[in-house]
Structures are given as structure tokens and as C-alpha cells.
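Participant: Chains as they are written, first to last, in this note's numbering: chain E, 2 to 222; chain S, 2 to 222.
It is possible that some hints are incorrect.
One copy or any two copies: either way a pair holds, since identical chains are not told apart in the list.
As the list claims (entries may be wrong) - Calculated pairs, BS3-like style, for lysine-lysine (alpha carbon to alpha carbon, straight line, at most 25 Å):
1. Lys101 to Lys117
2. Lys44 to Lys151
3. Lys114 to Lys101
4. Lys44 to Lys101
5. Lys151 to Lys101
6. Lys76 to Lys25
7. Lys131 to Lys185
8. Lys114 to Lys205
9. Lys44 to Lys31
10. Lys201 to Lys37
11. Lys114 to Lys44
12. Lys185 to Lys215
13. Lys37 to Lys114
14. Lys151 to Lys117
15. Lys201 to Lys44
16. Lys188 to Lys101
In short, the hints are calculated from the structure, not lab data.
Residue strings, one per chain:
Number of protein chains: 2
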Amino acid sequence: MVLLIHHPVSAASRKIRLLMSEKKMLFILKEEEPWKLSEDVYKLNPAGELPVFLNDGNTIVGNYAISEYLEETSKDISLIFGDARQKAEIRRLTDWFDQKFQREVYRNIVQEKVHKRFATGKAPDSQVLKIGLNNLLFHLEYIEWLLERKQYLAADTISMADLSAVAQLSIIDYLGGIPCEDFKTAKLWYSKIKSRPSFKDILKDSIRGILPAKHYADLDF
Amino acid sequence: MVLLIHHPVSAASRKIRLLMSEKKMLFILKEEEPWKLSEDVYKLNPAGELPVFLNDGNTIVGNYAISEYLEETSKDISLIFGDARQKAEIRRLTDWFDQKFQREVYRNIVQEKVHKRFATGKAPDSQVLKIGLNNLLFHLEYIEWLLERKQYLAADTISMADLSAVAQLSIIDYLGGIPCEDFKTAKLWYSKIKSRPSFKDILKDSIRGILPAKHYADLDF
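Sequences are here, hints too, so could you generate the full structure?
Facilitator: Listed below in C-alpha cells is the structure:
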């Protein structure tokens with residue numbers, strides 16, 4: 002049985018949970034707070050990052066290593082598919098959300114609102130939140146642009162890129178921060194993914210001390 | 002023929018050049034300054050990042066997508082090898098350098114010294130450089146720890162993890178910033194990689210307006 006050390010506010014953890022659920026894998030979860038990781042987590046992952054994947058004494062850590070490991074060891078349902086060029090497009094957009102969106106949006110909104118509060122007790126800086134929100138609008142426009150060309154972000158079926166994107170977006174959604182009314186196509190795409198069985202557990206997530214936005218578990222957004 | 006749009010100060014560009022040379026691929030280079038990218042690069046890569054890989058009308062962008070694409074399409078010489086567990090270790094350490102080292106060291110030293118100067122004309126902030134240097138010492142210690150266990154960072158032969166590491170380190174080395182005397186094992190490992198044919202062109206690199214440190218092209222460091 003797989004054990005995943007995770008946290009609901011960690012986007013990489015959400016992505017790996019979604020990936021394992023899409024692959025119909027069974028797993029159990031153990032929660033660790035990213036702003037107060039235990040020594041045990043540092044022993045398993047010296048980078049001090051979530052999630053940590055444990056299976057029969059096999060420890061795999063880090064978003065990149067775990068995703069590719071799961072693609073390789075559990076091939077029946079693939080989230081990086083097609084020819085080499087198609088795979089490159091899936092990986093390009095996976096990286097877009099894992100790195101660029103994370104740096105420009107997640108850090109300015111989620112880390113500012115959640116991590117900062119629990120790590121330092123300080124209130125979020127409204128200037129930082131504003132930068133995050135502006136960047137979010139740019140990314141939502143890019144999502145709309147992509148969805149005008151394909152059914153999902155990188156292909157006509159769901160791929161790793163969509164999982165990376167919704168892993169981040171669903172945390173911002175929990176905090177009530179997605180201005181979805183102006184982005185109808187993106188909203189429809191997000192609702193469609195929210196309705197998948199793999200998303201069921203994510204909708205039950207709860208971040209200690211922070212109630213989810215009213216519509217968070219609402220399938221039509 | 003492959004065309005790689007790159008810059009000598011971009012670690013991801015250096016890594017892909019090393020990777021293609023290790024795979025004995027032929028390619029030509031076109032230079033673009035990261036702090037002043039042309040519209041053409043943004044059209045090819047909306048993320049506005051180097052390198053960009055072009056081959057017969059096929060455009061692949063981003064460190065992650067290009068590396069995995071090259072591993073998949075040019076399998077004779079592999080830099081992510083072994084069983085799934087071994088590959089996960091290679092990818093964990095590749096990510097360590099591509100992300101963690103980049104954030105903690107490269108950004109504070111190279112971006113502070115080079116990008117800032119060319120983008121804004123400002124001098125580097127000595128506090129930021131100091132943080133970068135302190136972080137570099139921590140990473141060199143980790144490299145030594147890894148090299149006590151294996152011949153190279155992730156295995157007993159050279160892997161993608163080593164390319165990611167030396168891509169970053171060689172830029173800092175060009176700027177004269179590696180305190181190598183205290184890290185004998187890391188120094189030996191770096192010299193060994195510097196002597197490989199794949200490194201030959203890297204040693205001829207020149208960053209406009211900045212002379213390389215005296216020992217930069219010196220094979221015994």
C-alpha cells in the first residue's frame with residue numbers, strides 16, 4: 002500500500018493525489034504542515050518538500066520524480082501520452098503550472114495568505130495579493146487561449162498538465178480567490194475536472210483554521 | 002539539424018547543450034540575452050525562457066520538456082537510466098539543482114551579478130551575494146555527501162543530475178565564485194566532468210562584457 006505524506010495546501014501533493022486517483026491506485030494519506038515539517042520528513046526528503054511517496058520501503062520524493070515514476074510504473078492509464086511531440090507539449094504545460102504559475106500566482110496568494118499566517122502569525126500584504134491576483138488573470142487568459150484550441154490544456158483528453166493546473170487552482174478556489182465569471186471556458190473546464198471521481202477526495206479537503214469558500218465543493222462552481 | 006536558442010548565462014541552456022553533446026548530437030547555437038529576449042523567442046516560448054529547441058519545424062521549449070524529449074528520441078546514450086527507482090533518484094537530484102539550487106544559489110549570485118547589471122545597470126547587493134554564497138556552501142557540502150556514496154551524484158556513472166549541477170556551477174565558476182579549496186571531492190568530480198568532450202564548447206563560452214575567471218577553462222580547476 003502506498004503512503005503519501007501530503008498537505009491540502011501543497012499543490013504538488015494535490016497533483017500526485019489526483020494522478021494516483023486517475024490511475025486508480027489505492028493509497029493512504031498522512032498530513033504534515035509545510036511550514037512546520039517534522040524531522041522525519043527531512044530525513045525522507047532533504048529538500049524539505051511535500052509530497053513524499055512511500056511504497057514497500059521505496060521512497061520517492063519531489064513532484065517531478067514522483068510523477069515520472071508513476072507514469073513509468075503504472076502505465077495502464079497514462080497522463081503523459083501520444084508521440085514524443087505531444088508528450089513534450091504535455092510536459093511544457095505541466096512545467097508552466099508547476100513552476101511559472103506557482104511562482105507568479107500561488108506564492109503571492111496562497112503562501113501569502115496561508116503559510117505566512119501559520120509560520121509567522123502575520124497578516125497578508127495586500128500589495129503582494131494584488132500582484133498574485135493580476136498574475137492569476139493573465140494565467141486564466143492563457144488557459145482560455147489553450148482551451149480554444151483543444152478540449153483540455155495540452156490535448157483533447159485530460160493530461161498531467163490539467164492535473165498540475167487544477168492542483169494549484171483548487172487551492173486558490175478553496176480560499177475563494179478565482180474570479181471565474183469573466184472566464185467562461187476556463188470555468189467549464191475546471192467544473193468538468195471537478196466532477197471526475199479523482200477529485201472527490203480533494204473536495205473534502207480542509208485546511209485547519211480556514212473554512213473553504215462557499216462554492217468550493219460545488220460541482221457547477 | 003537542431004538549432005538551440007541559448008545564452009551562456011542560462012543554466013538550462015548549458016544543461017541541454019551538455020545533454021546533446023553527451024548524446025553526440027549535432028546542433029548549432031543562436032544567442033539571445035535572457036534580460037532582453039526578442040519577440041521571436043516569446044512567440045516560440047510564451048513562458049519567455051531559454052533554451053528553445055528547434056528541429057525540422059518541431060519546437061520544444063523548457064528544460065523539463067526538452068530533457069525528457071531528448072531522452073525519449075535519442076536513447077542510445079541515456080542520462081536517465083536504470084530501474085524505476087534509480088531513475089527516480091536521478092530525477093530527484095536533477096530537480097534539486099534545476100529548482101532548489103537555482104532558487105537558493107544561482108538567483109542570488111548570477112542573477113544578482115549579471116542579469117541585474119544588464120537589465121538595470123545597477124550594482125549587485127552584497128547582502129544578496131552573501132546569502133547566495135552561504136547557500137552555495139551548503140550545496141557543496143551536500144554534493145560531497147552524495148559523492149561519498151557514489152562516483153557521480155545519483156549513480157556510479159554520469160547522469161542528468163550531474164549535468165544539471167555542473168550547468169549551474171560552471172556559470173558561477175566563470176564568475177569566479179566557487180570556494181573549491183574546502184571541497185576536495187566536489188572539486189575532483191567537477192574537474193572530471195570538465196574534462197569530458199561534451200564540456201569543450203562550454204569552456205569556450207564568453208559572456209559579453211564579463212571576462213571569465215582565470216581558472217575557468219583550466220581542466221584541473
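Participant: Hints broken by the structure, by number, lowest first?
Facilitator: 10, 11, 14 and 15
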